[in-house]
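Peer 1: Here's the letter readout for the chains.
Number of protein chains: 6
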Amino acid sequence: MSTSSKPITALDLPPVEEFDDDMQAYFDKCVEKLGMVPNVLRAYSFDMAKLRTFAAFYNELMLAPSGLTKLERELIAVVVSSENRCFYCLVAHGAAVRQLSGDPKLGEIVAFNFRAGDLDERTTAMLEFASKLTRSPDLIVEADREALRAAGFSDRDIWDIAATAGFFNMSNRVASATDMQPNDEYHAQAR
Amino acid sequence: MSTSSKPITALDLPPVEEFDDDMQAYFDKCVEKLGMVPNVLRAYSFDMAKLRTFAAFYNELMLAPSGLTKLERELIAVVVSSENRCFYCLVAHGAAVRQLSGDPKLGEIVAFNFRAGDLDERTTAMLEFASKLTRSPDLIVEADREALRAAGFSDRDIWDIAATAGFFNMSNRVASATDMQPNDEYHAQAR
Amino acid sequence: MSTSSKPITALDLPPVEEFDDDMQAYFDKCVEKLGMVPNVLRAYSFDMAKLRTFAAFYNELMLAPSGLTKLERELIAVVVSSENRCFYCLVAHGAAVRQLSGDPKLGEIVAFNFRAGDLDERTTAMLEFASKLTRSPDLIVEADREALRAAGFSDRDIWDIAATAGFFNMSNRVASATDMQPNDEYHAQAR
Amino acid sequence: MSTSSKPITALDLPPVEEFDDDMQAYFDKCVEKLGMVPNVLRAYSFDMAKLRTFAAFYNELMLAPSGLTKLERELIAVVVSSENRCFYCLVAHGAAVRQLSGDPKLGEIVAFNFRAGDLDERTTAMLEFASKLTRSPDLIVEADREALRAAGFSDRDIWDIAATAGFFNMSNRVASATDMQPNDEYHAQAR
Amino acid sequence: MSTSSKPITALDLPPVEEFDDDMQAYFDKCVEKLGMVPNVLRAYSFDMAKLRTFAAFYNELMLAPSGLTKLERELIAVVVSSENRCFYCLVAHGAAVRQLSGDPKLGEIVAFNFRAGDLDERTTAMLEFASKLTRSPDLIVEADREALRAAGFSDRDIWDIAATAGFFNMSNRVASATDMQPNDEYHAQAR
Amino acid sequence: MSTSSKPITALDLPPVEEFDDDMQAYFDKCVEKLGMVPNVLRAYSFDMAKLRTFAAFYNELMLAPSGLTKLERELIAVVVSSENRCFYCLVAHGAAVRQLSGDPKLGEIVAFNFRAGDLDERTTAMLEFASKLTRSPDLIVEADREALRAAGFSDRDIWDIAATAGFFNMSNRVASATDMQPNDEYHAQAR
Chain F
0 MSTSSKPITA LDLPPVEEFD DDMQAYFDKC VEKLGMVPNV LRAYSFDMAK
50 LRTFAAFYNE LMLAPSGLTK LERELIAVVV SSENRCFYCL VAHGAAVRQL
100 SGDPKLGEIV AFNFRAGDLD ERTTAMLEFA SKLTRSPDLI VEADREALRA
150 AGFSDRDIWD IAATAGFFNM SNRVASATDM QPNDEYHAQA R
Chain B
0 MSTSSKPITA LDLPPVEEFD DDMQAYFDKC VEKLGMVPNV LRAYSFDMAK
50 LRTFAAFYNE LMLAPSGLTK LERELIAVVV SSENRCFYCL VAHGAAVRQL
100 SGDPKLGEIV AFNFRAGDLD ERTTAMLEFA SKLTRSPDLI VEADREALRA
150 AGFSDRDIWD IAATAGFFNM SNRVASATDM QPNDEYHAQA R
Chain X
0 MSTSSKPITA LDLPPVEEFD DDMQAYFDKC VEKLGMVPNV LRAYSFDMAK
50 LRTFAAFYNE LMLAPSGLTK LERELIAVVV SSENRCFYCL VAHGAAVRQL
100 SGDPKLGEIV AFNFRAGDLD ERTTAMLEFA SKLTRSPDLI VEADREALRA
150 AGFSDRDIWD IAATAGFFNM SNRVASATDM QPNDEYHAQA R
Chain E
0 MSTSSKPITA LDLPPVEEFD DDMQAYFDKC VEKLGMVPNV LRAYSFDMAK
50 LRTFAAFYNE LMLAPSGLTK LERELIAVVV SSENRCFYCL VAHGAAVRQL
100 SGDPKLGEIV AFNFRAGDLD ERTTAMLEFA SKLTRSPDLI VEADREALRA
150 AGFSDRDIWD IAATAGFFNM SNRVASATDM QPNDEYHAQA R
Chain Z
0 MSTSSKPITA LDLPPVEEFD DDMQAYFDKC VEKLGMVPNV LRAYSFDMAK
50 LRTFAAFYNE LMLAPSGLTK LERELIAVVV SSENRCFYCL VAHGAAVRQL
100 SGDPKLGEIV AFNFRAGDLD ERTTAMLEFA SKLTRSPDLI VEADREALRA
150 AGFSDRDIWD IAATAGFFNM SNRVASATDM QPNDEYHAQA R
Chain H
0 MSTSSKPITA LDLPPVEEFD DDMQAYFDKC VEKLGMVPNV LRAYSFDMAK
50 LRTFAAFYNE LMLAPSGLTK LERELIAVVV SSENRCFYCL VAHGAAVRQL
100 SGDPKLGEIV AFNFRAGDLD ERTTAMLEFA SKLTRSPDLI VEADREALRA
150 AGFSDRDIWD IAATAGFFNM SNRVASATDM QPNDEYHAQA R
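Protein chains in written order, with numbering that gives the first Met the number 0: chain F, 0 to 190; chain B, 0 to 190; chain X, 0 to 190; chain E, 0 to 190; chain Z, 0 to 190; chain H, 0 to 190.
The set of hints was computed from the structure by calculation and includes no laboratory data.
Treat the numbers as computed from the prediction; the structure is a model and nothing was measured.
Please note that a few of the clues may not be correct.
Where chains are identical, the list cannot tell them apart; a pair therefore holds if satisfied intra-copy or between any two copies.
As the list claims (entries may be wrong) - Calculated cross-link-like contacts (lysine-lysine; reagent style DSSO-like; alpha-carbon spacing at most 30 Å):
| no. | residue 1 | residue 2 |
| --- | --- | --- |
| 1 | Lys28 | Lys131 |
| 2 | Lys32 | Lys131 |
| 3 | Lys131 | Lys5 |
| 4 | Lys32 | Lys5 |
| 5 | Lys32 | Lys69 |
| 6 | Lys49 | Lys5 |
| 7 | Lys28 | Lys69 |
| 8 | Lys5 | Lys28 |
Turn these sequences into a full structure, and let the hints steer you where they fit.
Peer 2: This is the structure in structure tokens:
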């Protein structure tokens with residue numbers, strides 16, 4: 000048995016024939032910086048408006064100044080995706096964790112079960128919150144926010160943790176609903 | 000016992016002192032059209048960039064042309080929020096369902112349990128997909144997409160169902176993580 | 000889309016042709032006091048003995064003297080029904096909460112997620128117990144009873160909490176099993 | 000290690016000092032017919048009105064004429080109690096199944112996992128419905144009722160299945176909430 | 000209705016025609032000591048190598064010297080099997096608990112819900128660990144091991160608890176996957 | 000943040016000072032063939048008898064002749080470990096899948112969510128059975144075995160699927176209970 004190559008999604012939604020200039024520039028920049036266009040962006044390319052608002056929202060979330068480092072945001076991405084067993088996001092953001100941390104094993108730990116790792120108290124508190132928020136958002140109470148504050152997070156940081164965990168709960172579901180496939184390049188990155 | 004008035008969220012994140020012009024115009028338009036600014040927008044007002052990308056993303060999702068009617072998108076919003084027991088979204092989008100449908104009972108049905116309603120086959124298929132995608136995104140398989148196609152949805156419609164269900168899985172979690180409170184005005188609307 | 004009118008239950012069980020005198024008097028009293036006969040009573044009307052024992056059991060539970068107020072018993076009813084997503088009971092007992100409390104928002108809070116409310120410690124303890132007893136009765140241990148005692152409940156009160164939560168776990172299931180529909184009048188009451 | 004004797008419930012609710020005549024007669028009849036008073040009745044004995052409505056409701060449910068045999072009603076009782084892991088009800092109604100069927104092994108099968116038994120199609124359909132109604136009442140749809148009809152049950156029978164399964168979902172929770180202990184006599188009965 | 004006799008498993012896997020000498024001796028010893036060959040051993044008899052490694056592994060686990068008594072190991076077996084609702088193992092190891100403890104009621108308590116028993120602190124800690132390890136092994140953290148140490152267990156004991164709970168999570172699944180039926184003799188033993 | 004090196008397990012169970020000859024030979028053979036001794040074997044080294052029966056059982060299961068290929072047995076190992084989120088087994092057996100298949104991506108697919116892969120019908124049927132047997136062994140019924148037969152598996156193959164899935168349900172729990180850490184060498188293998 001070996002894995003054949005699947006289309007980017009299970010939906011018949013080809014990209015627009017001609018990209019808007021800003022989106023073409025964005026794709027060019029992806030190729031320049033990453034060596035590829037992530038498939039999630041290709042999946043949104045059937046509609047320039049959707050691609051634009053998604054990309055803007057995503058970049059603001061993951062790249063804007065925050066009390067959370069970029070690596071911390073990626074750790075949240077992977078733990079949420081692990082709870083939801085999202086193949087696309089585990090592959091793509093697992094690679095990001097390996098790259099940003101320079102620690103291939105850390106990528107495996109958070110993708111498989113962050114509780115098996117030797118993570119520090121701050122990181123553990125952040126990931127426990129993201130995990131509970133993913134599994135049972137209806138059970139979050141003030142004590143959960145207090146646990147984050149006790150681990151040193153500000154209220155602004157709590158917002159960012161919530162926004163990041165929320166985002167990947169969305170993204171995991173769009174990926175799972177459409178059988179979105181990650182770029183093959185991710186698998187071997189930063190091993 | 001009676002409910003006291005709680006702050007918009009449990010986080011100490013006051014709005015910026017001076018709004019950017021486009022966001023001030025957006026709030027003014029909310030007041031003009033809705034008679035209020037939805038609290039979710041006030042919650043994001045501590046950061047103009049976050050408010051802007053959230054509003055743009057939301058408006059594209061819920062208002063752009065789609066094979067799904069605006070009511071159908073609101074039905075998905077409410078059913079996802081029911082699965083996640085999100086107080087904010089059930090109140091705000093329950094009101095939207097009552098208003099768009101002119102059918103107060105329909106708002107209650109989808110907020111409490113859409114399976115108790117006498118919904119048509121197309122709507123039921125759409126909501127069953129949204130429900131499964133919310134509860135167990137990892138179990139979605141091709142047969143689930145086929146069920147939507149059999150109910151008359153195009154692949155583009157399936158994307159929109161997934162994107163809407165995904166969005167409220169995000170929004171529910173940001174609301175639950177921050178204890179976001181809906182505007183009191185919603186409760187009596189369109190009853 | 001709009002909701003059509005469904006029969007009281009999905010079962011073909013017409014009421015007896017002639018009611019027993021006591022049951023006729025009971026229905027007359029319902030009309031006099033409530034302006035209608037709740038559909039759950041109509042559903043039981045195919046058998047006078049079943050109607051009689053159900054009504055007697057229900058009235059003893061909800062109206063007899065107790066350390067719990069009538070409103071507290073209705074709060075338990077709604078929270079249990081929210082865990083079980085019972086359309087009938089959420090509609091009927093949600094209306095009762097709004098009426099008894101004079102607080103329409105409280106009805107929404109307990110129907111959607113009582114943890115989102117600003118409920119006092121006693122009420123929260125009571126509803127947490129009812130919620131756990133509904134979700135996982137097998138995990139109730141002495142510590143759960145101790146938490147109620149610490150919140151000021153007597154052992155007799157604990158019995159009444161258990162009996163009320165138990166009753167709606169029954170009633171929710173009879174309603175769901177038969178697709179029981181609440182009277183339309185409830186929807187607009189006490190908004 | 001050996002099991003010590005626990006009080007009937009974990010609540011300090013002693014029986015009334017003097018029983019009402021009808022309830023005394025009822026207890027006398029229990030002793031005459033069963034050789035004991037089931038502890039659930041002793042547990043309710045702190046309040047004659049509660050004991051009376053409970054006994055009336057229970058007896059109507061389990062003993063009145065029905066398309067379901069008494070054994071079938073006991074099988075539902077045990078399967079519901081197995082889903083809820085209710086020690087009291089599994090012991091007491093497990094004994095009833097052994098006695099009514101004359102088949103000690105059947106009592107074990109339904110208490111432990113009815114799917115492991117070689118039960119006929121009618122019984123399996125009935126118990127699958129009771130199991131789903133217990134685990135996830137919100138997911139019951141018309142197809143579940145149709146499955147019962149296909150197995151030969153009338154709509155009246157469906158009501159009785161629902162009412163019996165509902166009742167033990169109540170009774171299991173009252174027992175679990177109060178740590179109710181079954182009479183020791185049950186353990187060795189009909190083995 | 001009465002239970003008919005089912006084959007040992009639902010798989011068509013007859014025993015080898017001629018047993019290896021050591022395995023024949025092992026079966027002879029079972030008959031001598033237990034009066035029967037447990038069906039699980041008959042189920043493995045289609046392959047002498049599988050029977051041999053299974054029996055060796057099982058006997059080392061359950062009979063070797065350990066800080067856990069034989070009864071404690073059987074209690075773990077039953078509680079794990081109760082979580083997994085394994086008919087075979089609940090019957091066979093429930094009988095073992097009754098025999099080793101001389102307390103028929105204890106067998107019922109652990110098979111139905113050990114939390115309903117009046118078990119001592121050490122036993123409760125051990126069974127809570129086995130229960131959590133069965134339900135959600137991914138959530139086990141250092142605090143769970145600390146709770147065992149606080150209850151007096153050594154690290155070697157913790158290994159044995161884990162190994163025993165693990166083993167029955169395997170054995171339950173082999174039994175459930177193959178519909179393995181326990182010997183009828185167990186039902187009446189030590190009642 | 001980077002991952003520090005943790006001990007092989009969280010339990011203080013040092014290996015025996017002098018290995019039995021057969022076990023020493025086994026470890027030597029591991030080093031010769033794999034370049035290392037898998038940590039699970041080191042974890043068992045505090046007791047030669049336990050190490051011996053575990054190794055014999057494991058080797059019979061994974062290496063003996065079977066209708067299942069060695070790769071298929073490893074796929075089951077990984078899918079079961081994915082359901083249980085077992086860090087140790089996902090790392091060690093994920094590497095085995097990559098090596099045996101020569102397909103690094105396949106290792107990721109089964110570790111993260113086999114339903115996202117383009118697996119053939121036989122493999123999918125096998126893994127769906129292993130997944131259900133892991134999540135809810137109590138719900139396995141004859142129809143599940145029939146689905147395997149329809150996919151071409153013999154009854155002997157079904158035994159082997161059950162035995163393999165069962166084994167990793169044990170092994171996952173021993174690993175999780177003891178916080179067992181995989182050898183670092185696995186992470187980069189066969190990428």
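Peer 1: Now, for every hint given, state plainly whether the structure supports it.
Peer 2: Tested hints:
1. Lys28 with Lys131: neither (36 Å within a copy, 37 Å between copies)
2. Lys32 with Lys131: neither (34 Å within a copy, 37 Å between copies)
3. Lys131 with Lys5: between (33 Å within a copy, 24 Å between copies)
4. Lys32 with Lys5: For Lys32 and Lys5, only the intra-copy Cα distance (25 Å) is at most 30 Å; the inter-copy one is 35 Å.
5. Lys32 with Lys69: within (16 Å within a copy, 39 Å between copies)
6. Lys49 with Lys5: within (23 Å within a copy, 35 Å between copies)
7. Lys28 with Lys69: For Lys28 and Lys69, the Cα distance is within 30 Å only inside one copy (19 Å; across copies 35 Å).
8. Lys5 with Lys28: Classified as within: same-chain Cα gap 25 Å, cross-chain 40 Å, threshold 30 Å.
Violated hints, in rising order: 1 and 2; the structure is consistent with all others.
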